[in-house]
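Chemist: Fit chain B with the ligands to the given chain A structure using the hints.
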Amino acid sequence: MSRRRALATAARVARQLRHDPRTVALLLLVPSVLLGLLAWILRGRPGVFDHFAPSLLGIFPLIVMFLVTSVATLRERTSGTLERLLTMPLAKVEFVLGYALAFGTSAVAQGALVSGLSFGVYGLHVAGSAWLIVLVAVLNALLGTALGLSLSALATTEFQAVQFMPAFIFPQILLCGIVVSRDQLPTFLHWLSDVLPMSYAVDATTRVATSAAITTALILDIAVVVGFVAVALVIGATTLRRRTP
Amino acid sequence: MPESAAIRVESLNVVRSETAVLRDVSFVVPAGQLLGLLGPSGSGKTTLMRALLGLQIVASGDTEILGDRAGAVALRNRVGYVSQSPAVYGDLTVMENLRYFASILDVARDDVDRVLADVDLERYARSLVSRLSGGERARVSLAIALLGAPELLILDEPTVGLDPVLRRDLWTLFARQASAGTTLLVSSHVMDEAARCERLLLLREGQILADLTPAELLERTRTSSYDAAFVALIEGST
Ligand SMILES: Nc1ncnc2c1ncn2[C@@H]1O[C@H](COP(=O)(O)OP(=O)(O)O)[C@@H](O)[C@H]1O
Ligand SMILES: [Mg+2]
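If you're matching them up, the sequences are chains A and B in order.
Under the working numbering, the final residue of the first sequence carries the number 245; numbering is consecutive throughout.
Under the working numbering, the final residue of the second sequence carries the number 483; numbering is consecutive throughout.
Chain A with its partners taken away, still in its complex shape (with noise of 0.2 Å):
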């Protein structure tokens, strides 16, 4: 493992975002746009937003560090750079850690900018710290990363990747625990929903959103979606071919 290595890769990638500010403004402003929206929608019933937002915080910057890491993915797959690099002293891990790195910092920044427009402008209260939403939030669009990273070897053209996206994510938003509490889901789904990352991040906001105190419990939940990201990055290091039949 060189530190040089994982940080020139985030760097390259970084740059790489810069040459395209529309994709780093939208980035940026759709997860913050999306719950603007919500906000509007249900003005003058804030308990609702204030039940939904927490969690939706979370999911929207998953959903598209998901699909942002999946392309760049893939696009380093089939342009021939992977490749490259692989003939070269990079180790894989150096490669997904770049990649987490640089789309991590991207997803701070999301984070910083969603929450603070939620919890300034948009009126949303939560009963515990809102720094502990902001710090979940950051680690979902990280868990989008990760399991990006993991996913796309799957996927061997472009639409392929997009549709992960319904494919990966969307059973994990029905299951989460905002269409139906987790607790009144059938069993055999309910356990389903026990492996799913998502669960947990959802678990944890929900927490933070309806008690002040810092429960076992939800650091528990923190360190399971901690556990998730880095599972995930394994995964996404151990699936790059060196070699191909």
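No wet-lab data here; the hints were simulated from the structure.
Because the structure is a prediction, the values reported are computed rather than measured.
The reader is advised that the hints may include incorrect statements.
Which stretches of chain B does chain A cover? Using the computed rule of at least three CB atoms under 8 Å from a CB of chain A, they are [claimed, not checked]: (1) 297-307; (2) 315-323; (3) 329-340.
All residues carry an ideal CB built from backbone N, CA and C; glycine is no exception.
Modeler: Here is chain B with the ligands on its own, set in the frame of chain A:
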């Protein structure tokens, strides 16, 4: 000269999608040679090069590069590779591309200027790669492979699509590299490029048809053009 061999391939077989793409390929390349790998499209040139880099899963055979197993970690900054379609970042400038790969290879920054001059792209240093022509992009890809002056260069059709003057300049560059001790394996499907090489490997349908010098090729086939020589070889072998 067993120690000074840059490439040693023995009975290499590669199967892709259940088709034998390389069949019993064997050859040895001494260090410092400029070797041309010629053959029509689909003959297996790219597959062979990828096998030498350890990127291709092979069915059987031994491949030794600079005294090491193909694809070994120790080789990763000793071998430069140019893939057939330029592997460069279109959304970065030429300079940004070179600097990134230089930092991965841990190569000094002034080496970037050297390779840029070698491929004659200095005036495009600040251009976005996606705005360059195909030939210019190919030269960016070549420049990246030259970073750090690797001992072995594996170049997959580096001159295809370039104008004659540029092609001549690049072959001059390759010859200069070879006389400085670098080993070069350069592929092409344009038979006329044979004239530029010290030695030729003619590949057809995954098999080595001939392994000789350009002069020997013309002499053996009693032809004056390399295209005609290749046809004569095929007809003589069937
Ligand atoms: N990804 C692949 N899967 C299966 N067969 C392939 C693949 N790529 C190339 N081939 C086949 O391998 C043979 C050799 O291809 P290649 O090495 O690219 O030849 P060349 O570089 O000489 O044009 C061709 O018959 C081609 O159809
Ligand atoms: Mg080829």
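Chemist: Per the coverage rule (Cβ-Cβ under 8 Å, at least three residues), is the segment 297-307 of chain B covered by chain A?
Modeler: holds (count 5)
Chemist: Given as covered by chain A, does the segment 315-323 of chain B meet the bar of three residues or more with CB within less than 8 Å?
Modeler: Holds: 4 residues of the segment 315-323 of chain B have a Cβ under 8 Å from chain A.
Chemist: Confirm or reject the coverage of the segment 329-340 of chain B by chain A under the rule of 3 or more residues with a beta carbon closer than 8 Å to the chain's beta carbons.
Modeler: holds (count 8)
Comparing the model with each numbered hint stated earlier shows that all of them hold.
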